[in-house]
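First to last, the sequence lines map onto chains A and B. Under our numbering, the first residue of the first sequence is numbered 1, with each subsequent residue one higher. Under our numbering, the first residue of the second sequence is numbered 1, with each subsequent residue one higher.
Just so you know, these hints were derived from the structure itself, not from any lab. Note that the Cβ used here is the ideal one computed from N, Cα and C, for glycine as well. Be aware that a few hints might be false.
Unchecked claim - Restraint-style ranges between C-beta atoms, simulated for each label pair: (1) SER58(B) / GLY54(A): 30 to 38 angstroms; (2) ASP71(B) / ARG77(A): 35 to 43 angstroms; (3) LEU83(B) / ASN66(A): 37 to 45 angstroms; (4) GLU22(B) / ASN93(A): 21 to 29 angstroms; (5) ALA17(A) / ILE56(B): 43 to 51 angstroms; (6) SER65(B) / GLY95(A): 17 to 25 angstroms; (7) SER77(B) / SER40(A): 23 to 31 angstroms; (8) GLY95(A) / ASN63(B): 22 to 30 angstroms; (9) LEU75(A) / THR10(B): 31 to 39 angstroms; (10) SER1(B) / PRO10(A): 33 to 41 angstroms; (11) GLN2(B) / PRO14(A): 31 to 39 angstroms; (12) SER8(A) / THR3(B): 26 to 34 angstroms.
To be verified - Okay, the calculated bits of chain A under chain B, using three or more residues with CB under 8 angstroms as the criterion: (13) 26-34; (14) 42-49; (15) 86-93; (16) 97-110.
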Amino acid sequence: QKEVEQNSGPLSVPEGAIASLNCTYSDRGSQSFFWYRQYSGKSPELIMSIYSNGDKEDGRFTAQLNKASQYVSLLIRDSQPSDSATYLCAVLNTGGFKTIFGAGTRLFVKA
Amino acid sequence: SQTIHQWPATLVQPVGSPLSLECTVEGTSNPNLYWYRQAAGRGLQLLFYSVGIGQISSEVPQNLSASRPQDRQFILSSKKLLLSDSGFYLCAWSGDTSAGSNSPLHFGNGTRLTVT
Chain A
1 QKEVEQNSGP LSVPEGAIAS LNCTYSDRGS QSFFWYRQYS GKSPELIMSI YSNGDKEDGR
61 FTAQLNKASQ YVSLLIRDSQ PSDSATYLCA VLNTGGFKTI FGAGTRLFVK A
Chain B
1 SQTIHQWPAT LVQPVGSPLS LECTVEGTSN PNLYWYRQAA GRGLQLLFYS VGIGQISSEV
61 PQNLSASRPQ DRQFILSSKK LLLSDSGFYL CAWSGDTSAG SNSPLHFGNG TRLTVT
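Chain A with its partners taken away, still in its complex shape:
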């Protein structure tokens, strides 16, 4: 079992729709979870951090965490073509020093 798993996609949504990205992780002791966006040829940039069960909203982005199910998700409302990128789920391991990444989900937003 991979430490952090994501559907590779691609996920295609029309402009203005909600994009839903999902991630599961294996380290039950993990306490910190992150979503990064990576445009083609560029380095990842942090878009959301979440540490507690429930929802966390920041503009058009909502991160959801369920530690019992070891599940993290990212919702993007009112998707724009500029949101087209690869989204990486990342989990800080129990020791607190290593951040493990999923393989990423490619998102395409069609105008």
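Could you slot chain B onto chain A? The hints should help.
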């Protein structure tokens, strides 16, 4: 504010040649420092991390090495490059997590290495 510098942006090297990639961080002290590699179309693989000067943890056995000669400087090296070393190399920093903080990673712009 904190900034991270990584260079060079691109590099083409022949098989068997040496490698040195450098990364520096400004605006913070005692950061955790990381080297990741991303193969084409793949996820990020953690290569090395460091929680302090001279302290290096290696995640994947390979012909690469890392050093941290100063608090905010992290260097990735190889004595002889292999074709399989090609990829996108990313340096990152996070806040000091020794006290249990949950600081996210912040990445440099990356170095695209092609070994020919």
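### Message
Taking the Cβ atom of SER65(B) and the Cβ atom of GLY95(A), is their distance within the range 17 to 25 angstroms?
### Response
22 angstroms, holds
### Query
How does the Cβ-Cβ distance of ALA17(A) and ILE56(B) compare with 43 to 51 angstroms: does it lie in that range?
46 angstroms, holds
### Task
Mind taking a look at whether chain B covers the region 97-110 of chain A? Criterion is 3 or more residues with CB to CB distance under 8 angstroms.
As far as the region 97-110 of chain A goes, the hint holds, because 8 residues have Cβ atoms under 8 angstroms from chain B.
### Query
Does the Cβ pair SER8(A), THR3(B) satisfy 26 to 34 angstroms?
32 angstroms, holds
### Task
With a C-beta cutoff of 8 angstroms, work out whether three or more residues of the region 42-49 of chain A approach chain B closely enough for the coverage to hold.
It holds, with 6 qualifying residues against the three required.
### Query
Are GLN2(B) and PRO14(A) spaced within 31 to 39 angstroms by their CB atoms?
Roughly 38 angstroms apart at Cβ, these two residues keep to the hinted range, so it holds.
### Message
Taking the Cβ atom of ASP71(B) and the Cβ atom of ARG77(A), is their distance within the range 35 to 43 angstroms?
### Response
Holds - the Cβ-Cβ distance for ASP71(B) and ARG77(A), about 41 angstroms, lies within 35 to 43 angstroms.
### Status of the given 21 to 29 angstroms range, CB of ASN93(A) versus CB of GLU22(B)
27 angstroms, holds
### Query
Has the region 26-34 of chain A got at least three residues whose CB is nearer than 8 angstroms to a CB belonging to chain B?
With 3 residues close enough to chain B, the hint holds.
### Task
Starting from the hint 23 to 31 angstroms, judge whether the C-beta atoms of SER77(B) and SER40(A) obey it.
Distance hint for SER77(B), SER40(A) holds at roughly 28 angstroms.
### Task
Using the Cβ atoms, figure out if SER1(B) sits within 33 to 41 angstroms of PRO10(A).
Holds, since SER1(B) and PRO10(A) (Cβ atoms, about 34 angstroms apart) stay within the stated range.
### Query
How does the Cβ-Cβ distance of GLY95(A) and ASN63(B) compare with 22 to 30 angstroms: does it lie in that range?
26 angstroms, holds
When each numbered hint is compared with the structure, no violation occurs for any of them.
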